[in-house]
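Student: Below are the chains, spelled out letter by letter.
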Amino acid sequence: AQSVTQLDSQVPVFEEAPVELRCNYSSSVSVYLFWYVQYPNQGLQLLLKYLSGSTLVKGINGFEAEFNKSQTSFHLRKPSVHISDTAEYFCAVRGTGGFKTIFGAGTRLFVKA
Amino acid sequence: DTGVSQDPRHKITKRGQNVTFRCDPISEHNRLYWYRQTLGQGPEFLTYFQNEAQLEKSRLLSDRFSAERPKGSFSTLEIQRTEQGDSAMYLCASSLAGTGTELFFGEGSRLTVL
Chain Y
1 AQSVTQLDSQ VPVFEEAPVE LRCNYSSSVS VYLFWYVQYP NQGLQLLLKY
51 LSGSTLVKGI NGFEAEFNKS QTSFHLRKPS VHISDTAEYF CAVRGTGGFK
101 TIFGAGTRLF VKA
Chain E
1 DTGVSQDPRH KITKRGQNVT FRCDPISEHN RLYWYRQTLG QGPEFLTYFQ
51 NEAQLEKSRL LSDRFSAERP KGSFSTLEIQ RTEQGDSAMY LCASSLAGTG
101 TELFFGEGSR LTVL
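The listed protein sequences correspond, in order, to chains Y and E.
Okay, so the first sequence: first residue is 1 according to our numbering, each after it adds one.
Okay, so the second sequence: first residue is 1 according to our numbering, each after it adds one.
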């Protein structure tokens with residue numbers, strides 16, 4: 001079985017500042033990793049995913065994440081945030097041989113002017 | 001491709017009533033999932049269909065919950081004898097079969113049990 005821990009429930013940050021949202025996972029098997037974003041009153045949508053290969057993954061809207069197997073982490077970063085990035089961000093994991101995606105509790109990113 | 005659609009978007013019901021939610025997945029997706037999300041939490045897995053077959057049901061789902069996916073197209077999630085603890089957002093997602101495929105979510109059906 002897999003589990004996901006998102007270390008920060010809320011992250012306030014000023015516009016144009018960098019941000020990192022932290023995610024750690026636990027699994028006894030190889031995994032795929034995902035970040036989803038949920039804007040207010042909208043469904044979850046994929047930001048980026050790690051399947052294999054390069055540990056640095058680039059996604060939409062200037063976000064990127066780095067897979068660190070030894071630390072079982074998949075932190076999400078953006079060098080300069082915008083007001084429009086205000087949303088809830090969910091880290092998720094799925095075993096490579098499985099079908100069930102397990103989500104973390106989410107991190108609410110609040111970008112201030 | 002109109003995405004995943006869910007109906008109704010909001011449902012308010014009295015305790016003890018039955019409710020049914022419908023999900024229409026993306027047409028070429030053969031995998032369909034139901035999740036539940038409560039305030040301050042991430043989506044929790046409820047059940048999974050591959051085509052019309054329900055392959056897994058979470059222990060979170062009591063006997064009052066039932067899901068179907070007739071003919072491998074739309075799906076319904078029924079909750080019988082609703083309780084206040086059932087109040088949540090019920091999310092439907094679909095995906096293609098295959099490894100590494102991501103989930104496409106609907107906007108959810110919010111249930112409030114009074």
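In short, the hints are calculated from the structure, not lab data.
No experiment lies behind these values; they were computed from the predicted model shown.
Glycine is no exception: its CB is placed at the ideal position from the N, C-alpha and C atoms.
Some hints here could point you the wrong way.
Partial selection, computed: residues in chain Y whose CB lies under 7 Å from chain E [stated by the list, open to error]:
(1) V29
(2) Y32
(3) G43
(4) L48
(5) K49
(6) G98
(7) F99
(8) A105
(9) F110
(10) K112
(11) A113
Derived DSSO-like pairs (lysine-lysine); straight-line CA-CA distance at most 27 Å [as the list claims (entries may be wrong)]:
(12) K57(E) with K71(E)
(13) K69(Y) with K49(Y)
(14) K14(E) with K71(E)
(15) K71(E) with K100(Y)
(16) K14(E) with K100(Y)
(17) K100(Y) with K58(Y)
(18) K14(E) with K49(Y)
(19) K100(Y) with K112(Y)
Student: All hints are to be evaluated individually against the structure, with a verdict given for each.
Tutor: For each hint, the structure was consulted:
1. Taking 7 Å as the C-beta contact cut-off toward chain E, the hint placing V29(Y) at the interface is violated, the least distance being around 13 Å.
2. With its C-beta approaching chain E no nearer than about 5 Å, Y32(Y) sits inside the 7 Å limit, and its interface hint holds.
3. The beta carbon of G43(Y) is positioned within 7 Å of a beta carbon in chain E (closest approach about 4 Å), and the interface hint is therefore held.
4. At about 10 Å, the closest approach between the beta carbon of L48(Y) and any beta carbon in chain E exceeds 7 Å, and the interface hint on this residue is violated.
5. Evaluation of the K49(Y) hint against chain E yields a held restraint, the C-beta minimum of about 6 Å falling below 7 Å.
6. A distance limit of 7 Å between C-beta atoms decides the matter here; for G98(Y) the minimum to chain E is near 10 Å, and the interface restraint is violated.
7. Hint on F99(Y) holds. Least Cβ distance to chain E is approximately 6 Å, under the 7 Å limit.
8. Taking 7 Å as the C-beta cut-off, the interface hint given for A105(Y) holds, the closest approach to chain E being about 5 Å.
9. The criterion of a C-beta within 7 Å of any C-beta in chain E is not met by F110(Y), whose closest approach is roughly 15 Å, and the hint is violated.
10. The interface hint given for K112(Y) is broken, as the beta carbon of that residue sits about 21 Å from the closest beta carbon of chain E, more than 7 Å.
11. Interface hint status for A113(Y): violated, as the beta-carbon distance to the closest one in chain E is roughly 25 Å, over 7 Å.
12. For the hint pairing K57(E) with K71(E), the CA-to-CA distance comes to about 19 Å; that is within 27 Å, so the pair holds.
13. Pair hint K69(Y) plus K49(Y) holds up; C-alpha atoms about 15 Å apart against a cutoff of 27 Å.
14. For the given pair, K14(E) sits about 32 Å from K71(E) by alpha-carbon distance, which is inconsistent with the 27 Å threshold.
15. As the CA atoms of K71(E) and K100(Y) are separated by approximately 22 Å, the hinted pair is consistent with the 27 Å bound.
16. Pair hint K14(E) plus K100(Y) does not hold up; C-alpha atoms about 32 Å apart against a cutoff of 27 Å.
17. For the suggested pair K100(Y) and K58(Y), the alpha carbons sit about 23 Å apart, so the restraint of at most 27 Å is met.
18. Under the criterion of a C-alpha separation no larger than 27 Å, the hint pairing K14(E) with K49(Y) is inconsistent with the structure, at around 41 Å.
19. Simply put, K100(Y) and K112(Y) have alpha-carbon atoms about 35 Å apart, too far for the 27 Å limit, and the pair is violated.
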